[in-house]
Amino acid sequence: MSTVKTMPDLSRRSFIIGTAAVGSGLALGLSIPFGARTARAAGYTVSWAEATPEVNAWVVIKPDDTVVIRIARSEMGQGTLTGLAQMVAEELECDWSKVTTEYPTPGQSVARKRVWGDFSTGGSRGIRESHEYVRRGGAVARTMLIQAAADEWKVPAAECSAANSIITHGPSGRTTTYGKVAEAASKVAQPKDVPLKDPKDWKLIGKSVHRLDTVDKVTGKMIYTADFTLPGMLLAAIKECPVFGGKLKSFDAAKVSSMRGVKHVLQVGDSAVAVVADSWWRAKVALDALPIVWDEGASAKVSSASIAATLKEGLGAEQAFVGNKNGDAKTALAGAAKKIEAVYAHPYLNHAPMEPMNTVARYTPERCEVWLGTQNGEASFAAVLAASGLPADKCEVYKLMLGSGFGRRGAFQDYVRQAVLIAKQIPGVPVKLQWSREEDMTQGRYHPITQCKLTGGFDANNNLTALHVRVSGQSILTSVRPEALVNGMDPAVFQGMAPSGEFEFGYTAIPNYLVDHAMRNPHVPPGFWRGVNINQNAIYMECFMDELAQAAGQDPLEFRRKLMVKNPKHLAVLNAAAERAGWGTPAPKGVFRGLAQMKGYNSFVAACAEVSVTGGNKVKVHRIVAATDCGYAVNPSLIERQIAGSFVYGLSALFYQECTVKNGRIEQTNFHNYQSMRVAQMPKVEAIVMPSGGFWGGVGEPTICVAAPAVLNAIAAATGKRFRSFPLKNHGITLV
Amino acid sequence: MARLNVNGKNYDVDAEPAMPLLWAIREQVGLTGTKYGCGVAQCGACTVHIDGAAVRSCAVSANSAAGKKITTIEGLAVNGQLTKVQKAWVENEVPQCGYCQTGMVMAVSALLAKKPKPTEADIDAAITNICRCGTFQQVRAAIHAAANS
Numbered sequence: 002m003s004t005v006k007t008m009p010d011l012s013r014r015s016f017i018i019g020t021a022a023v024g025s026g027l028a029l030g031l032s033i034p035f036g037a038r039t040a041r042a043a044g045y046t047v048s049w050a051e052a053t054p055e056v057n058a059w060v061v062i063k064p065d066d067t068v069v070i071r072i073a074r075s076e077m078g079q080g081t082l083t084g085l086a087q088m089v090a091e092e093l094e095c096d097w098s099k100v101t102t103e104y105p106t107p108g109q110s111v112a113r114k115r116v117w118g119d120f121s122t123g124g125s126r127g128i129r130e131s132h133e134y135v136r137r138g139g140a141v142a143r144t145m146l147i148q149a150a151a152d153e154w155k156v157p158a159a160e161c162s163a164a165n166s167i168i169t170h171g172p173s174g175r176t177t178t179y180g181k182v183a184e185a186a187s188k189v190a191q192p193k194d195v196p197l198k199d200p201k202d203w204k205l206i207g208k209s210v211h212r213l214d215t216v217d218k219v220t221g222k223m224i225y226t227a228d229f230t231l232p233g234m235l236l237a238a239i240k241e242c243p244v245f246g247g248k249l250k251s252f253d254a255a256k257v258s259s260m261r262g263v264k265h266v267l268q269v270g271d272s273a274v275a276v277v278a279d280s281w282w283r284a285k286v287a288l289d290a291l292p293i294v295w296d297e298g299a300s301a302k303v304s305s306a307s308i309a310a311t312l313k314e315g316l317g318a319e320q321a322f323v324g325n326k327n328g329d330a331k332t333a334l335a336g337a338a339k340k341i342e343a344v345y346a347h348p349y350l351n352h353a354p355m356e357p358m359n360t361v362a363r364y365t366p367e368r369c370e371v372w373l374g375t376q377n378g379e380a381s382f383a384a385v386l387a388a389s390g391l392p393a394d395k396c397e398v399y400k401l402m403l404g405s406g407f408g409r410r411g412a413f414q415d416y417v418r419q420a421v422l423i424a425k426q427i428p429g430v431p432v433k434l435q436w437s438r439e440e441d442m443t444q445g446r447y448h449p450i451t452q453c454k455l456t457g458g459f460d461a462n463n464n465l466t467a468l469h470v471r472v473s474g475q476s477i478l479t480s481v482r483p484e485a486l487v488n489g490m491d492p493a494v495f496q497g498m499a500p501s502g503e504f505e506f507g508y509t510a511i512p513n514y515l516v517d518h519a520m521r522n523p524h525v526p527p528g529f530w531r532g533v534n535i536n537q538n539a540i541y542m543e544c545f546m547d548e549l550a551q552a553a554g555q556d557p558l559e560f561r562r563k564l565m566v567k568n569p570k571h572l573a574v575l576n577a578a579a580e581r582a583g584w585g586t587p588a589p590k591g592v593f594r595g596l597a598q599m600k601g602y603n604s605f606v607a608a609c610a611e612v613s614v615t616g617g618n619k620v621k622v623h624r625i626v627a628a629t630d631c632g633y634a635v636n637p638s639l640i641e642r643q644i645a646g647s648f649v650y651g652l653s654a655l656f657y658q659e660c661t662v663k664n665g666r667i668e669q670t671n672f673h674n675y676q677s678m679r680v681a682q683m684p685k686v687e688a689i690v691m692p693s694g695g696f697w698g699g700v701g702e703p704t705i706c707v708a709a710p711a712v713l714n715a716i717a718a719a720t721g722k723r724f725r726s727f728p729l730k731n732h733g734i735t736l737v
Numbered sequence: 019m020a021r022l023n024v025n026g027k028n029y030d031v032d033a034e035p036a037m038p039l040l041w042a043i044r045e046q047v048g049l050t051g052t053k054y055g056c057g058v059a060q061c062g063a064c065t066v067h068i069d070g071a072a073v074r075s076c077a078v079s080a081n082s083a084a085g086k087k088i089t090t091i092e093g094l095a096v097n098g099q100l101t102k103v104q105k106a107w108v109e110n111e112v113p114q115c116g117y118c119q120t121g122m123v124m125a126v127s128a129l130l131a132k133k134p135k136p137t138e139a140d141i142d143a144a145i146t147n148i149c150r151c152g153t154f155q156q157v158r159a160a161i162h163a164a165a166n167s
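Residue numbers (our numbering), protein chains in the order written: chain C, 2 to 737; chain V, 19 to 167.
Wrong hints could be hidden among the right ones.
Below, simulated DSS-like cross-link-like pairs (lysine-lysine); rule was C-alpha separation at most 25 Å, straight line [what the hints assert, rightly or not]: (1) C:K222 to V:K102; (2) C:K302 to C:K248; (3) C:K685 to V:K135; (4) C:K619 to C:K590; (5) C:K730 to C:K621; (6) C:K563 to C:K454; (7) C:K188 to C:K114; (8) C:K563 to C:K326; (9) C:K222 to V:K27; (10) C:K685 to V:K105; (11) C:K250 to C:K663; (12) V:K132 to V:K87; (13) V:K87 to C:K222; (14) C:K208 to C:K99; (15) V:K105 to C:K208; (16) C:K331 to C:K567; (17) V:K102 to V:K27; (18) C:K114 to C:K193; (19) C:K99 to V:K105; (20) V:K132 to V:K105; (21) C:K181 to C:K99; (22) C:K730 to C:K685; (23) C:K222 to V:K105; (24) V:K87 to V:K27; (25) V:K87 to V:K102; (26) C:K722 to C:K621; (27) V:K133 to C:K685.
Computed far set for chain V versus chain C, every beta-carbon distance over 10 Å [to be verified]: (28) R21; (29) N28; (30) D69; (31) A71; (32) A77; (33) S82; (34) G85; (35) L130; (36) K132; (37) P134; (38) K135; (39) A163; (40) S167.
Bear in mind the hints are in silico, worked out from the structure with no lab data behind them. All of these numbers come straight from a predicted model, not from anything done at the bench. For glycine and all other residues, C-beta sits at the position ideal for the given N, C-alpha and C.
Work out the full structure, taking the sequences as your base and the hints as a guide.
The following block contains the structure:
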């Protein structure tokens with residue numbers, strides 16, 4: 002099997018679909034100055050910036066030496082805006098204190114033959130998949146700036162150097178600034194082969210500089226989609242058929258049309274209805290009062306119990322896709338001196354970003370524009386083209402800060418489609434579609450549901466000789482990106498258990514193993530939930546590793562080490578976390594430790610959790626040591642924050658969260674029945690950032706997956722009890 | 019109609035009895051730093067001060083706040099001078115996506131006004147805002163930094 006690649010880029014596909022429909026004239030038109038248009042659209046005043054030409058696609062330098070670095074990926078809290086700017090600035094040799102950033106628009110990208118590459122911000126790819134071309138963008142701009150100065154001085158460019166936005170002619174000692182030569186540099190021919198620095202010469206990459214977007218986030222000035230306003234804008238609240246796949250049958254607009262503030266009651270597509278009002282709250286009140294009849298369709302009787310039964314059947318099914326194998330696990334198990342078996346189950350989860358889904362749209366027959374926080378500007382753009390029916394040169398997307406995304410705002414642009422379909426019915430009137438939290442909870446694209454049966458076999462000397470991992474359950478790619486299936490198999494299901502690549506299995510010294518998948522796809526729409534399939538796979542594999550170690554009467558770390566001899570980088574992070582935590586030395590009284598490791602998104606991650614359990618059910622997570630080898634660490638301080646935050650995301654799910662299904666719909670509606678950790682439950686997280694170089698790994702997602710198994714293994718060590726279905730609240734466990 | 023005093027200025031808002039203060043502040047006063055996250059007083063993204071106390075503005079009516087002193091995130095910094103809590107937030111780089119952080123800063127500011135040197139237990143009891151990015155480790159550090167500044 003080839004390298005497993007997850008968070009597949011729907012954008013590229015829908016982008017092609019969207020643009021193919023409008024013919025080939027895409028690279029024309031759109032001549033309005035770039036930064037100016039974006040700025041105006043976002044409500045900022047534009048002055049002389051309009052007149053400043055870019056040095057190249059990545060860099061604009063203003064006469065006052067302000068450096069504007071263009072970032073195609075989206076900032077949603079993970080810090081990629083700052084990290085990518087550091088990479089451009091490293092090669093640009095500019096004054097970091099003068100750096101600011103702006104987003105190119107997808108429309109501009111289309112017009113310029115995708116000069117900024119991929120906009121997709123998911124799969125922890127922001128930095129690791131664009132590091133080379135963004136550094137090159139900085140290097141090219143630096144070369145052009147130096148050339149412009151050399152031309153002015155009539156000296157060879159080779160005699161000039163640049164540092165801190167100042168260009169110096171060595172022999173004469175003359176200097177100038179980037180701002181002074183930027184306009185001339187914009188006319189210099191772009192050099193083709195510009196070498197990049199050796200990593201050992203990096204000055205800014207690897208440095209924990211402060212992120213560029215903090216101050217506005219503590220004063221209330223940061224504009225999220227929820228806050229974006231246009232003159233004359235109306236507000237929309239929406240309800241989609243609560244049973245997935247159902248349709249809108251009818252609604253009685255007359256019952257609410259005279260309610261205060263209500264302007265329009267509109268059907269949206271064939272399965273939703275929206276109320277448009279002068280206030281979002283009024284729109285929501287009217288929507289809640291609106292009589293709606295749904296055609297609930299074929300899935301109206303589906304329940305969590307019926308889904309669980311379907312998955313359970315898959316655990317023993319004959320047909321299954323083989324994702325990874327070594328030797329002959331089934332024969333080895335049949336001949337094993339001792340066998341143990343365990344069945345785990347992982348629920349549906351909702352992303353629940355703090356800002357529910359939303360989009361601002363304005364449609365006229367001549368132009369359709371949207372403003373939103375999106376993980377993938379190009380996917381949003383494709384959704385605008387499709388929903389508006391307008392060609393690419395009449396559409397635009399202006400990106401705003403995200404109130405996070407966690408995978409909900411990338412491949413799925415359903416709310417963009419809805420906003421445009423609403424705007425289309427009230428041409429010329431800008432409209433902000435804002436989902437309620439209830440809509441967000443019940444119209445998610447859910448972390449897929451799976452069960453897993455693991456069987457391990459030992460020889461007479463308690464050596465693990467065989468392992469069979471049977472996953473039964475939902476495939477994301479089947480519904481989201483079917484062209485990525487390999488002869489029907491969803492390779493992403495095997496994340497963390499794959500034969501090679503960025504999700505490589507870490508126990509390849511097991512003589513016989515088999516990892517296979519019985520695909521069972523319920524009607525609930527699955528999506529990429531931060532970390533995606535490594536989350537449940539890490540629970541299955543790492544908890545069962547502890548179960549195997551216990552069955553063999555061995556220490557969990559020593560047991561793993563023997564199976565990881567061919568996976569030194571996996572082992573290195575595990576050792577680092579264990580050693581820092583004091584594995585093998587006595588823990589504080591009443592405190593027990595648990596381990597987990599995984600490779601995901603091309604990074605190696607491990608955690609050692611310390612927990613205590615009182616009264617049999619009150620779990621306190623005191624401390625977690627978490628190690629990450631992401632190859633290169635661009636901003637260690639921001640990486641540490643991603644690691645710490647990962648435990649909140651992962652442990653909130655472990656202790657509290659599940660989306661259950663009744664009558665075809667999701668039962669959880671808000672944070673009261675889909676709880677999330679608070680500061681009181683936060684463990685002390687000690688991050689070990691240990692980049693070993695030579696590869697690029699992601700950091701936004703990988704660590705989440707080790708949170709749950711490390712804590713579960715520690716709980717088992719403390720109580721002797723092994724929990725195999727989640728969340729733990731269903732077992733009467735509380736996190737204190 | 020209700021007269022709201024927000025950040026020291028009076029605003030006449032056209033709010034029916036059930037309209038939550040959150041929506042009057044966001045849509046009528048026009049201050050958007052106070053966020054909608056859940057609408058049911060769970061997440062705290064909408065936290066403002068009413069007469070100095072932290073209140074979840076999605077769960078009180080605009081009319082009930084008439085005549086009281088309402089402070090939103092925009093009212094913390096005077097003449098662009100960040101408060102010690104805001105400074106601690108910047109120095110400790112607390113925010114990730116930032117959407118919940120204005121509410122978090124408001125909750126912490128109210129706590130420190132009441133308890134200038136809060137214990138860990140004080141923090142655990144008073145700061146119950148949800149942050150899905152998971153900034154709590156930095157939140158706790160920044161609270162202590164602000165208390166000691």
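Hints and how they fare:
Pair hint K222 of chain C plus K102 of chain V holds up; C-alpha atoms about 18 Å apart against a cutoff of 25 Å. Pair hint K302 of chain C plus K248 of chain C holds up; C-alpha atoms about 15 Å apart against a cutoff of 25 Å. Restraint check for K685 of chain C and K135 of chain V: satisfied, since their Cα atoms lie roughly 20 Å apart, inside the 25 Å limit. For the hint linking K619 of chain C to K590 of chain C, the alpha-carbon distance of about 16 Å falls within 25 Å, and the restraint holds.
With a CA separation close to 14 Å, the supplied pair K730 of chain C and K621 of chain C stays within the 25 Å bound. Proximity of K563 of chain C to K454 of chain C is assessed by CA-CA distance (about 23 Å); at most 25 Å being required, the pair is judged to hold. Between K188 of chain C and K114 of chain C the CA atoms are separated by roughly 20 Å; this keeps the pair inside 25 Å, and the hint holds. Restraint check for K563 of chain C and K326 of chain C: the C-alpha separation of about 19 Å stays at or below 25 Å, so the hint holds.
Pair hint K222 of chain C plus K27 of chain V holds up; C-alpha atoms about 18 Å apart against a cutoff of 25 Å. Distance hint between K685 of chain C and K105 of chain V is fulfilled; the C-alpha atoms sit about 23 Å from each other, no more than 25 Å. Restraint check for K250 of chain C and K663 of chain C: the C-alpha separation of about 21 Å stays at or below 25 Å, so the hint holds. As the CA atoms of K132 of chain V and K87 of chain V are separated by approximately 17 Å, the hinted pair is consistent with the 25 Å bound.
Our distance criterion of 25 Å between C-alpha atoms is met by K87 of chain V and K222 of chain C, whose separation comes to about 21 Å. Distance restraint check for K208 of chain C and K99 of chain C: the Cα-Cα separation of roughly 17 Å lies within the 25 Å cut-off, and the hinted pair is therefore satisfied. A C-alpha spacing of about 22 Å is found between K105 of chain V and K208 of chain C, which places the hinted pair at or below 25 Å, so the restraint holds. Between K331 of chain C and K567 of chain C, the direct Cα distance comes to roughly 22 Å. Compliance with the 25 Å bound is thereby established for this hinted pair.
For the given pair, K102 of chain V sits about 23 Å from K27 of chain V by alpha-carbon distance, which is consistent with the 25 Å threshold. The hinted pair formed by K114 of chain C and K193 of chain C meets the criterion: a straight-line CA distance of about 18 Å does not exceed 25 Å. Our distance criterion of 25 Å between C-alpha atoms is met by K99 of chain C and K105 of chain V, whose separation comes to about 21 Å. This hinted pair checks out: K132 of chain V and K105 of chain V have alpha carbons roughly 19 Å apart, not beyond 25 Å.
Of the supplied pair hints, the one linking K181 of chain C and K99 of chain C holds, its CA atoms being roughly 14 Å apart against a limit of 25 Å. Distance hint between K730 of chain C and K685 of chain C is fulfilled; the C-alpha atoms sit about 22 Å from each other, no more than 25 Å. Restraint check for K222 of chain C and K105 of chain V: the C-alpha separation of about 15 Å stays at or below 25 Å, so the hint holds. Distance restraint check for K87 of chain V and K27 of chain V: the Cα-Cα separation of roughly 9 Å lies within the 25 Å cut-off, and the hinted pair is therefore satisfied.
Proposed proximity of K87 of chain V and K102 of chain V is supported: the alpha carbons are some 21 Å apart, at most 25 Å. The straight-line distance between the Cα atoms of K722 of chain C and K621 of chain C is roughly 16 Å, inside the 25 Å bound, and the hint therefore holds. With a C-alpha separation of about 23 Å, the suggested pair K133 of chain V and K685 of chain C falls inside the 25 Å cut-off, and the hint holds. Listed as outside the interface, R21 of chain V is consistent with that label: its C-beta sits roughly 18 Å from the nearest C-beta of chain C, beyond the 10 Å cut-off.
Interface exclusion of N28 of chain V from chain C stands, the closest Cβ pair being 20 Å apart, more than 10 Å. No beta-carbon of chain C is positioned within 10 Å of the beta-carbon of D69 of chain V; the least distance is around 20 Å. Distance to chain C confirms A71 of chain V as a non-interface residue, since its nearest Cβ pair spans about 19 Å, more than 10 Å. The Cβ of A77 of chain V sits about 12 Å from the closest Cβ of chain C, beyond the 10 Å cut-off, so the non-interface label holds.
Under the 10 Å C-beta cut-off, the non-interface status given to S82 of chain V relative to chain C holds; the minimum distance is some 15 Å. Every beta carbon of chain C lies more than 10 Å from that of G85 of chain V, the smallest distance being close to 22 Å; the non-interface claim holds. L130 of chain V, annotated as away from the interface, keeps every beta carbon of chain C farther than 10 Å; the closest lies near 14 Å. For K132 of chain V, the condition that its CB be more than 10 Å from all CB atoms of chain C holds, with the nearest at approximately 17 Å.
Interface exclusion of P134 of chain V from chain C stands, the closest Cβ pair being 18 Å apart, more than 10 Å. For K135 of chain V, the shortest C-beta to C-beta distance to chain C comes to about 17 Å, beyond the 10 Å cut-off, and the non-interface label holds. With 10 Å as the threshold on Cβ separation, the claim that A163 of chain V sits away from chain C holds: the shortest Cβ distance comes to roughly 13 Å. With a least beta-carbon separation of about 15 Å from chain C, S167 of chain V lies farther than 10 Å from that chain, consistent with its non-interface assignment.
The structure fails none of the hints (numbered hints given earlier).
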